[in-house]
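Order-wise, the sequence lines are chains A and B.
Numbering of the first sequence is given in the numbering used here, commencing with residue 169 and proceeding in unit increments.
Numbering of the second sequence is given in the numbering used here, commencing with residue 169 and proceeding in unit increments.
Any given hint might turn out to be false.
Any copy, or any two copies together, can satisfy a pair, since identical chains are not distinguished.
[As the list claims (entries may be wrong)] Simulated crosslink set (DSS-like; lysine-lysine; CA at most 25 Å straight-line):
(1) Lys568 / Lys412
(2) Lys351 / Lys568
(3) Lys568 / Lys464
(4) Lys351 / Lys567
(5) Lys567 / Lys464
(6) Lys378 / Lys286
None of these hints come from the bench; they were simulated from the model.
2 protein chains.
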Amino acid sequence: MTIFPEDLIRSVTVETSSKILLVVIDGLGGLPVDGRTELEVGSLPNLDRLASQSICGLIDPIAPGITPGSGPSHLALFGYDPVRYQIGRGVLEAVGVGMDLEKGDLAARGNFATVDSKGTVVDRRAGRISTERNQQLCRALQKQIETIEGVRVIIESGREHRFVVVFRGDDLNEGLTDADPQKEGKKAALSVALHEGARRSASVVNGFIKRATELLQGHPPSNTVLLRGFSQVPDIPNMRDLFKIRAGAIASYPMYRGLARLVGMEILETGETVEDEINTIMNHFEDFEFFFFHIKEPDIKGEDGDFQGKVAALEKIDTLIPEIVKLEPDVLAITGDHSTPSILGSHSWHPNPVIIFSKYVRTDSVVRFTERECAIGGLGRIPAVNLIPILLANALKMKKFGA
Amino acid sequence: MTIFPEDLIRSVTVETSSKILLVVIDGLGGLPVDGRTELEVGSLPNLDRLASQSICGLIDPIAPGITPGSGPSHLALFGYDPVRYQIGRGVLEAVGVGMDLEKGDLAARGNFATVDSKGTVVDRRAGRISTERNQQLCRALQKQIETIEGVRVIIESGREHRFVVVFRGDDLNEGLTDADPQKEGKKAALSVALHEGARRSASVVNGFIKRATELLQGHPPSNTVLLRGFSQVPDIPNMRDLFKIRAGAIASYPMYRGLARLVGMEILETGETVEDEINTIMNHFEDFEFFFFHIKEPDIKGEDGDFQGKVAALEKIDTLIPEIVKLEPDVLAITGDHSTPSILGSHSWHPNPVIIFSKYVRTDSVVRFTERECAIGGLGRIPAVNLIPILLANALKMKKFGA
Chain A
169 MTIFPEDLIR
179 SVTVETSSKI
189 LLVVIDGLGG
199 LPVDGRTELE
209 VGSLPNLDRL
219 ASQSICGLID
229 PIAPGITPGS
239 GPSHLALFGY
249 DPVRYQIGRG
259 VLEAVGVGMD
269 LEKGDLAARG
279 NFATVDSKGT
289 VVDRRAGRIS
299 TERNQQLCRA
309 LQKQIETIEG
319 VRVIIESGRE
329 HRFVVVFRGD
339 DLNEGLTDAD
349 PQKEGKKAAL
359 SVALHEGARR
369 SASVVNGFIK
379 RATELLQGHP
389 PSNTVLLRGF
399 SQVPDIPNMR
409 DLFKIRAGAI
419 ASYPMYRGLA
429 RLVGMEILET
439 GETVEDEINT
449 IMNHFEDFEF
459 FFFHIKEPDI
469 KGEDGDFQGK
479 VAALEKIDTL
489 IPEIVKLEPD
499 VLAITGDHST
509 PSILGSHSWH
519 PNPVIIFSKY
529 VRTDSVVRFT
539 ERECAIGGLG
549 RIPAVNLIPI
559 LLANALKMKK
569 FGA
Chain B
169 MTIFPEDLIR
179 SVTVETSSKI
189 LLVVIDGLGG
199 LPVDGRTELE
209 VGSLPNLDRL
219 ASQSICGLID
229 PIAPGITPGS
239 GPSHLALFGY
249 DPVRYQIGRG
259 VLEAVGVGMD
269 LEKGDLAARG
279 NFATVDSKGT
289 VVDRRAGRIS
299 TERNQQLCRA
309 LQKQIETIEG
319 VRVIIESGRE
329 HRFVVVFRGD
339 DLNEGLTDAD
349 PQKEGKKAAL
359 SVALHEGARR
369 SASVVNGFIK
379 RATELLQGHP
389 PSNTVLLRGF
399 SQVPDIPNMR
409 DLFKIRAGAI
419 ASYPMYRGLA
429 RLVGMEILET
439 GETVEDEINT
449 IMNHFEDFEF
459 FFFHIKEPDI
469 KGEDGDFQGK
479 VAALEKIDTL
489 IPEIVKLEPD
499 VLAITGDHST
509 PSILGSHSWH
519 PNPVIIFSKY
529 VRTDSVVRFT
539 ERECAIGGLG
549 RIPAVNLIPI
559 LLANALKMKK
569 FGA
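The following block holds chain A by itself, in its conformation from the complex (with noise of 0.2 Å):
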């Protein structure tokens, strides 16, 4: 990947107060039906216009033909290696459940199942029971449980028979197996160290395990706990001091403010819609030189495959572009953190359209906001790890590398 590398970049960089603005739409680009895709069927008079204004291209998120989950594809546009920086399922689900993850944390997935008298696994999920059940579970583990041999145990539920267990405390190491049989029918099992370093944490992982299961004696079909993906925070440079700015995260869904937390973005309370948000970007606009903000909605739409529910969303956002035009940043960028193509239903490895707005960029002959024509803009196609550097660029937050 063309990657500058990081200690290179923390070398050039300055602090300014003037403002980037990155919009992140969640699975913006898409595939075409009858010849068009999403973005070209929807009627997008502000973001053509935008376009227009501004220079285009097709961002990567990791490199070609590769399709990202969401934590690689934000890590990328945060101006992070995502193959650098990879971050666990456990951790992950963390963030995502809305829980703020220390340095040092092992975080692991975790699920309420049902064992037989031989330890057997009869069932994974207990039986999926409720949510509300779910809850009170966690509560009374967490009543009961609040440290095992010196480790803070802290549990979050989740939805059904989920839930999040994060231990934190000194030398723990996620070298560590799925204490998860994953299959019904086989043993539960204890997690088991995957070298020396791992030793403690796997005595602590499974004391809680244990420990668990004694309490849940009295809770069939909830009789044990299984615990899978453990992981832990990379050790991630914080955008304040690799890049020299505040930076802010406004975003409605909690997986996208832990991944922002995660690179030391200040995470602003917000609303469940896109006019919230707006709202609160207006708020804080003063606070920061550097806001990501998250719009969830075509996302979701696209993993439904609704094509036309993709293309409202996409006009839904155009109408309020306005709103965030008037901001007035010095450097605005669009873009995706990966495709969401409605006929397939998921993530995909296309290359995202994105846009810069700003006063030192040279336009070009874009006019429309569609994956075809930024295929021919003037930024050409370019890893999404490049799109930091390039913004910090235009907002004249970058010394000259070298004499």
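Add chain B to chain A, keeping to what the hints say.
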């Protein structure tokens, strides 16, 4: 270069029954004469139609400005980093004459040569003996030299004074100097180990040279052998393991079959013509998920500096495109390994046009399969090594990276 790491590729590829057909037109790209390139002068209605229904772009064989040999250009097209996996001259020569190399084999190029009574090389090519004479000598040497120090010796004749020798045994090492003074008037030299680990190999190789020289004493002007380009097959992961595909190779020239064999493709027996090759793929279309289909002719005409000949070769290929399309692979890609512009009469550094035809591409405005039209195609300009991930993605053979 934007290369997604191999271990991560391996972790996201999945086995499916979908089929990918990669057509490599050797020496495809050209340069203008009187304003138009070979592709622009040619009448290529079938390729043009396919381009108009596909996404197009340009691929750099290795990196901008770098002219590749056939080894690195094909490794890149097969999805391998051509800088990481380098193929030495001896190995390339061995696969070029159709030898089937095994891991650990040590290969070298050889010349029959003439030395005087003092061991000074007076003719590095032994008067360019005939190919028939060469074959006689190789047979005679092979008959009398089966092993040296327990290492198997395999000799294969080439054209005129050239041959290839492969040493097969344990603990061989390519860290050897050439046993060839390169110039006439210098003493014939033995090979020297470049480090401790190559000592045994030097002894084996020099044992072979001495024994061959003894046996050749009665056969002037070929009274010794010179060996150079000692190299071993790099430890390349198998395409099946890395990409989860059974790959079949169809190529009329041995070198391309040999390169395909190095990455674990199965070699399908075929004839001399493109029609023969098409029959071969038809007969084996059920047996593989990936096909490498190599067409040599345009490169030969380009190397000959024969502009019109290259145009004619491309027009001939165009007439066969409908037969290839009729196979209905899920993903069809057509490109070149490197450009061979007739006005240069050699391989060049220019990127090659590429067509990707699949249900999941964003078609673009390209309506002609030419270098200049493809330069504004929707794919942009990407390194050749990125092609395989894109083809795998389009065949839905890759899972999401990261959560």
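Results of checking the hints against the structure:
no., hint, in the structure
1, Lys568 / Lys412, "within (15 Å within a copy, 32 Å between copies)"
2, Lys351 / Lys568, "between (56 Å within a copy, 22 Å between copies)"
3, Lys568 / Lys464, "between (37 Å within a copy, 19 Å between copies)"
4, Lys351 / Lys567, "between (55 Å within a copy, 21 Å between copies)"
5, Lys567 / Lys464, "between (35 Å within a copy, 22 Å between copies)"
6, Lys378 / Lys286, "within (15 Å within a copy, 73 Å between copies)"
Comparing the model with each numbered hint stated earlier shows that all of them hold.
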